[in-house]
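Its first residue numbered 1, the sequence shown is counted upward by one per residue in the working numbering.
Hints were generated in silico from the structure; no laboratory data involved. Where a beta carbon is used, it is the ideal one built from N, C-alpha and C, also for glycine. Mixed in with the good hints, there may be bad ones.
Simulated restraints on C-beta separations [what the hints assert, rightly or not]:
id: 1; residue 1: D237; residue 2: T312; range: 31 to 41 Å
id: 2; residue 1: G327; residue 2: L201; range: 16 to 26 Å
id: 3; residue 1: D307; residue 2: D230; range: 35 to 45 Å
id: 4; residue 1: D226; residue 2: L201; range: 33 to 43 Å
id: 5; residue 1: Q83; residue 2: E267; range: 31 to 41 Å
id: 6; residue 1: S185; residue 2: L367; range: 37 to 47 Å
id: 7; residue 1: G236; residue 2: P66; range: 34 to 44 Å
id: 8; residue 1: P66; residue 2: T312; range: 44 to 54 Å
id: 9; residue 1: A131; residue 2: V344; range: 45 to 55 Å
id: 10; residue 1: R171; residue 2: E267; range: 29 to 39 Å
id: 11; residue 1: S246; residue 2: E202; range: 15 to 25 Å
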Amino acid sequence: MKRVLSIFFVICLLLCACTKAPAEQTTESTQATTTANVTTEQTTEAATSEPTQETTVPETTEATTPVELNFQNPLNGMPLAEQYTARPYAVMINNSEYAQPMCSLNSADIVFEVLAEGGITRCMAVFGDVAGIDHIGAIRSARPYYVRLAYSLDAIFVHHGGSDAGIAEARALGIDRLDFLGNASDVYYRDQNRLNSGYSLEHTSFVDGEDLVDAAADLDFDAVRDDGIDYGFVFGDAGSTAGGESATELKVVFGSWGKTTRLTYDETTGKYAAYQHGDDVIDGNTNELVTFRNVLMLTAATYVNDDNTTLTIDLLGEGDGYFACDGKVVPINWSRSDEGEPFVFTHEDGTPITFGVGNTYIAITPLNGALEY
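Generate the whole structure from the sequences, applying the supplied hints.
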């Protein structure tokens, strides 16, 4: 009997020992977990047994891969990731002394300045991407030669009414256009600050770029330019004026009875700042100087019509002028064979002009106009 009790006692001791073992292992495991962040050996062991989210290397290849800019904006030469296919918008801007400041000019890729009537000029601002540009203006009316310039770029033409000849030319060419006195009368708005400041009504018409895009879509205008359109610009890091004369001060004279525009070169920016009407040309949206990388002056035959007011400007055929960039100027030739074709710009030896990457100012003057420098 005693032997049986002894055996029973031994078995009980063994059973007690077995029940305590798991409790000791649990304690060790808990200790290892709470000290994993400060014990190198235990951290390594934990990582090799079961990787956690913290030890997983994030995939950053897509975020850090640079975008390849294999294409070029044909209006300003800026590199692009995709082929440029949009149609530009050519917007008539009031350049009267009493309509200053003009707004959004620094956002345009090209600004044409051409005589209107009475020795004053009007500007046509060409925007390759108008959607994100607000408060463009003041918008002014059309003339036949502005219509033809816009047509040569396959641009959507934006204007606030126009002369009889201007409207007739637009209809004859069938150009897509947004007329604030016609099919786009609900797009523009009057600048209330200008009205309150005493501006005449014709100096207060403005528009936002997004509204232009929406209006063009509502009218089913093509958003993509025609295949094969060449705007006539060749771009490089530097303009092809290396052999030219120094031209840090330019004066564009719009004929014997027209206004003048001055442009001053700034070596620090590499651009020409414009000056007219006795003051700096300021972009009214930013209060910054209106500046250009490239300056072109073209001469074209200009006639006063029978009404002794409106003009006819011949933009077909050939002519001459000047090209300034990077502080130097060279004589050039221009040609244009058809209303639907853009200008072709060449040096006197026939080689194409290379424009500096950036925006361009193009003045078209009468034959008795001049570029002084």
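Quick check on a hinted range of 16 to 26 Å for G327 and L201, using CB atoms only. Since G327 and L201 have Cβ atoms about 42 Å apart, the given range 16 to 26 Å is violated.
Assessment of proposed distance window 35 to 45 Å (beta carbons of D307, D230): holds (36 Å)
Using the Cβ atoms, figure out if A131 sits within 45 to 55 Å of V344. violated (30 Å)
Using the C-beta atoms of G236 and P66, is the stated range 34 to 44 Å upheld? Once the Cβ atoms are compared, 22 Å apart, the range 34 to 44 Å for P66 and G236 is violated.
Would you say the C-beta atoms of D226 and L201 sit inside 33 to 43 Å of each other? For L201 against D226, whose Cβ atoms are near 37 Å apart, the range 33 to 43 Å holds.
Evaluate the given range 31 to 41 Å for the C-beta pair formed by D237 and T312. holds (39 Å)
C-beta pair S185, L367: status relative to the range 37 to 47 Å that was hinted: holds (39 Å)
Against the range 44 to 54 Å, how does the distance between the Cβ atoms of P66 and T312 compare: consistent or not? holds (51 Å)
Okay, Q83 versus E267 on CB: inside 31 to 41 Å? holds (34 Å)
R171 and E267, beta-carbon distance inside 29 to 39 Å? violated (47 Å)
Is the distance from the Cβ of S246 to the Cβ of E202 consistent with 15 to 25 Å? For E202 against S246, whose Cβ atoms are near 40 Å apart, the range 15 to 25 Å is violated.
Comparing the model with each earlier hint shows violations of hints 2, 7, 9, 10 and 11; every other hint is respected.
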